[in-house]
Amino acid sequence: MGWENLPKQCLENVAAFGGGAAAATCQTVCQSWNAALDDWRIWKRLCDHELQTTSPFCNGEWKAGYREQAILARNWCKGTPRSFQALRAHDSCISGVAATDSAVVTASYDRTLKVWDGAANRWLHVLKGHSGPITCVAAHGAEAVSGARDRTVRLWDTAGGGEPLEEWPAGGAAADRCSPSAVAIVRAGGSGGGGADAPRSPTVVAAADTRGSVRVWRAGSPAVAMEAQPHRGAAYAMAPLSSGGHCASASVDGSACAWLAETGQVMYRVEHEEGLLAIAARDELLVTGGMDNAIHAWDLRSRSSVQKLEGHTDWVRGVGIHTHCIASGSKDRTVRLWDMRMGQETCQLEVDIETTSDVRSFDVSDSAVYAGLGGGVLACWSFGPLQG
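Sequential numbering from 1 applies to the sequence shown in the numbering used here.
The hints are simulated quantities; they were obtained by calculation from the structure and are not laboratory data. It is possible that part of the hints are untrue.
Stated by the list, open to error - Derived pair list, reagent style DSSO-like, types lysine-lysine, alpha-carbon separation capped at 30 Å:
id: 1; residue 1: K331; residue 2: K308
id: 2; residue 1: K78; residue 2: K331
id: 3; residue 1: K308; residue 2: K128
id: 4; residue 1: K78; residue 2: K308
Stated by the list, open to error - Listed next, with one range per pair, are the computed distances between beta-carbon atoms:
id: 5; residue 1: E61; residue 2: G244; range: 25 to 31 Å
id: 6; residue 1: L124; residue 2: V306; range: 34 to 40 Å
id: 7; residue 1: A142; residue 2: E310; range: 34 to 40 Å
id: 8; residue 1: R341; residue 2: R88; range: 33 to 39 Å
id: 9; residue 1: A119; residue 2: V266; range: 37 to 43 Å
id: 10; residue 1: R282; residue 2: A86; range: 25 to 31 Å
id: 11; residue 1: A119; residue 2: G160; range: 33 to 39 Å
id: 12; residue 1: G161; residue 2: D101; range: 36 to 42 Å
id: 13; residue 1: S131; residue 2: E273; range: 37 to 43 Å
Cβ coordinates follow ideal geometry from the N, Cα and C atoms, glycine included.
With the sequences and hints as input, model every part of the structure.
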């Protein structure tokens, strides 16, 4: 039997074992192999298992999608961004950056939020309503939540813009109220199941303040759903956990906690020698950064330290977790990428747009790193393939 008559199942096994590179090589052998390996289902499996992408490509686009995602993964692993942009986003310090699959939301001391097209880095909306400097922002899907020194927390529609969907006081008596220092969307609103006519579950929002308290609200209700104090000092960072019912927060008292949004019960606590300013979570991995200039990675299952990454020369103000690496932004005016398996830095990106502006806020998307600078500039490094 000639090679060209090899059963299709054997070719699929070669692709499954050898990955996309092997599949592409096999396609050059003969026309029958090329036709057999053009099946979109083969490339969908490679996207799912080799690249772990969730991109919903159409059936005929999985092969092209695999190639695009393979370039993206290679660029992340090597620490080689394909393009850089510096956008004059605000008139004052960018205090928060939140990236979703399709958009980026920036928050500023100029009392505005701006929504940007994540693919083209094009400005879409300005969101106004806060009467004080905005200190923090988080986003999920088409919703964003912000906290400001006007002592309010607000929920926004980033797709349509306009007035805030909800507004809550930051908590406590008016005269004793603290400004929110970090926010998170713990669980996005959505269908509760049971068909198209079923009621939507409300968005669940959390905020921390400068006294270490955390509060939770549900969209549609003005009442505080939960209030607790997991920290002894200001909590400047929050991150929802993948479970959908838990949230993590980090404080200048050196503690990082994972707690139940419904009750405030602390399920996990780790202590650091110095104060924390940043936190990120993905699956069972928790990453923190702060005043010791280092990044710490923790396994939520074993409740143990996985890695300590050192290299920054000043406070770490932002961390992000990507499928292929950990990213961090620092007061030392650098953004760095780290290989988790090797515990090594793979890339250092200098923030030299404005010598007086360091990284104040930070986030990562599937294809880019965003750093909000003190002078109002949004720095963006894209790792996706160049568009031609």
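Consistency of the hints with the structure:
1. Proximity of K331 to K308 is assessed by CA-CA distance (about 18 Å); at most 30 Å being required, the pair is judged to hold.
2. A C-alpha spacing of about 24 Å is found between K78 and K331, which places the hinted pair at or below 30 Å, so the restraint holds.
3. Distance hint between K308 and K128 is unfulfilled; the C-alpha atoms sit about 40 Å from each other, more than 30 Å.
4. For the suggested pair K78 and K308, the alpha carbons sit about 20 Å apart, so the restraint of at most 30 Å is met.
5. Separation of E61 from G244 is about 30 Å and conforms to the stated range, judged on CB atoms against 25 to 31 Å.
6. Range check, L124 to V306: about 38 Å between beta-carbon atoms, so the 34 to 40 Å window is met.
7. Remark: the range hint 34 to 40 Å for A142 to E310 is upheld by a beta-carbon distance near 38 Å.
8. Take R341 and R88: their Cβ atoms lie about 38 Å apart, and the range 33 to 39 Å holds.
9. Separation of A119 from V266 is about 39 Å and conforms to the stated range, judged on CB atoms against 37 to 43 Å.
10. R282 and A86 have their C-beta atoms about 28 Å apart, which keeps the hinted 25 to 31 Å range intact.
11. Checked against the hint of 33 to 39 Å, the pair A119 and G160 fails, with Cβ atoms roughly 19 Å apart.
12. Checked against the hint of 36 to 42 Å, the C-beta distance between G161 and D101 comes to roughly 18 Å, which is inconsistent with it.
13. A beta carbon spacing of about 38 Å between S131 and E273 agrees with the range 37 to 43 Å that was offered as a hint.
Violated hints, in rising order: 3, 11 and 12; the structure is consistent with all others.
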